[in-house]
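Those protein sequences? They're chains A and B, same order as listed.
Positions 1 to 305 (full-length UniProt numbering) are the ones given, in order, by the first sequence.
Positions 1 to 157 (full-length UniProt numbering) are the ones given, in order, by the second sequence.
Bear in mind the hints are in silico, worked out from the structure with no lab data behind them.
Computed from a predicted structure; not experimentally measured.
Take the hints with a grain of salt, since some may be wrong.
Quick list of the computed label-pair ranges, beta carbon to beta carbon [said to hold, decoys possible]:
1. 148/A <-> 87/B: 41 to 47 angstroms
2. 160/A <-> 58/B: 55 to 61 angstroms
3. 89/B <-> 94/A: 33 to 39 angstroms
4. 54/B <-> 66/A: 37 to 43 angstroms
5. 153/A <-> 28/B: 49 to 55 angstroms
One-sided excerpt, in silico: chain A residues whose CB lies under 8 angstroms from chain B [stated by the list, open to error]:
6. 118
7. 120
8. 235
9. 267
10. 274
11. 275
What the simulated footprint calls covered on chain B by chain A, stretch by stretch (three residues with Cβ under 8 angstroms from a Cβ of chain A suffice, anywhere in the stretch; the number is not a length) [to be verified]:
12. 38-44
13. 72-79
14. 127-141
Don't be surprised by glycine CBs; every beta carbon is placed ideally from N, CA and C.
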Amino acid sequence: MLLRALPAFLGLALLVTAAQAQEEQDQEEQTQEEQAEATADLSPAEERGRQVFLAASCAGCHTAPDEGTFLAGGRAISSPFGTFYSPNITPHPEAGLGNWSEAEFARALREGRMPGGSAYYPAFPYTSYTGMSDADVSDLWAYIQTIEPSDQANREHDLSFPFGFRFLLEPWRLLFFEEGRFEPDPALSEEEARGAYLVEVLGHCGECHTPRNRLGAQEQDRAFGGTATGPDGRRVANITPHEDGLADWSAGDIAYYLETGFTPEFDYAGGAMVEVIETSTSQLSDADRQAMAAYLKRLAPLPRE
Amino acid sequence: MRCTKSLFTLLAAGLLIAAPLAAQADPAEIIDERQEFMKGLGQQLGVARSYVQDGEGTAADVAEAARTIAERAGEIVALFPEGTGMHEVDIETGARPEIWEDPDDFAAKAEGLSEAATSFAELAESTEDPAEIGAGMAALGRDGCGACHRTYREELD
């Protein structure tokens, strides 16, 4: 049973990202933006943490649509294994992270474990966040403290048999989760290394843009090559500098797309990428978008699969 | 003779009715038409981008382009007849099935594009500042294009 369940599990991280786009509402976006901007009087650490928060796209999953309370969770993320409900990450002592220590917060992000030790489902992209720097985790923690606490209770995931058994995550982690801080390739320039960190770690772009093998693990030799059968059976773009991908795009084109959603021909992003642009990349600094673009231009060009 | 004539009339009448229907129902044609239509909207956006980035043209050109988008947004719904979704045809199109699951919302999003483009036109009529116009163009993308694409358009490839 375990062997049969595994492959399905392994596809999780990929599949859950999918359902997001359809459930989105404009109002949710506005609410999120207003609330994110309402935090005008932030300390330097909190403001840096807000930048980490935006780059890591936290709000997209941790806020429910239709004017859901900011970061109070409850967003349904459907998958073939059932429905996941994102948790409350406001600093409420019972309903949220209010009683957590910073070390527990760091462990959740980078080791994928709850304070009690249980593993998170990879619907939570800790496989990417594991690379987060100590400083970013610390700043993000500081920013989380500035969020209005919400007492909204977490909703149990509604998973079909046997996916409700968290112990099945342990073999998955043994096979496919490598914990560790991000180390940039020394061949990269400072800007490219910053871009690599934003693309690989905080932005968790590979969760969708890298195809998975039969067992649902990311195929690193096909990194960022896109797939026709991505989350929810949806197409995900090849973002390598191959002619099937972004070869014709300059770094400036990529940065402009991340800022506005417009392609060089003034087509506009589609699907889940619209949400990524709205909640994350459009709100980053020009320098960070340029860094992401510079790194994407350095990727190994891959043809469409 | 009479019989042949009737048959001929019947056939002719049939053709008269069938021809426009067939033309309308040909997914390849309609998909081609709507992709050209969308590219046309993109060209109008190109006018705005040229002004913001390269200082080409005038703010009045941008306003005119935005008005064109606002007017043409009314044509969008008719360009998405049933049977032209991405899973229904063997043609490359990003038209998601959700379009036909909630046609009222889809129509509302098209109307939203018209409103966003009108706001952008009004902005370009009130300022010549490239930075402001650039921000207005981004807002048009978010509120006009993105609001619809997030649900109804497959991710680009």
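Evaluated hints:
no., hint, in the structure
1, 148/A <-> 87/B: 41 to 47 angstroms, "holds, 42 angstroms"
2, 160/A <-> 58/B: 55 to 61 angstroms, "holds, 60 angstroms"
3, 89/B <-> 94/A: 33 to 39 angstroms, "violated, 52 angstroms"
4, 54/B <-> 66/A: 37 to 43 angstroms, "holds, 41 angstroms"
5, 153/A <-> 28/B: 49 to 55 angstroms, "holds, 52 angstroms"
6, 118, "violated, 33 angstroms"
7, 120, "violated, 26 angstroms"
8, 235, "holds, 5 angstroms"
9, 267, "holds, 6 angstroms"
10, 274, "holds, 4 angstroms"
11, 275, "holds, 6 angstroms"
12, 38-44, "holds (count 5)"
13, 72-79, "violated (count 0)"
14, 127-141, "holds (count 3)"
In this structure, the hints that do not hold are numbers 3, 6, 7, 13, in rising order.
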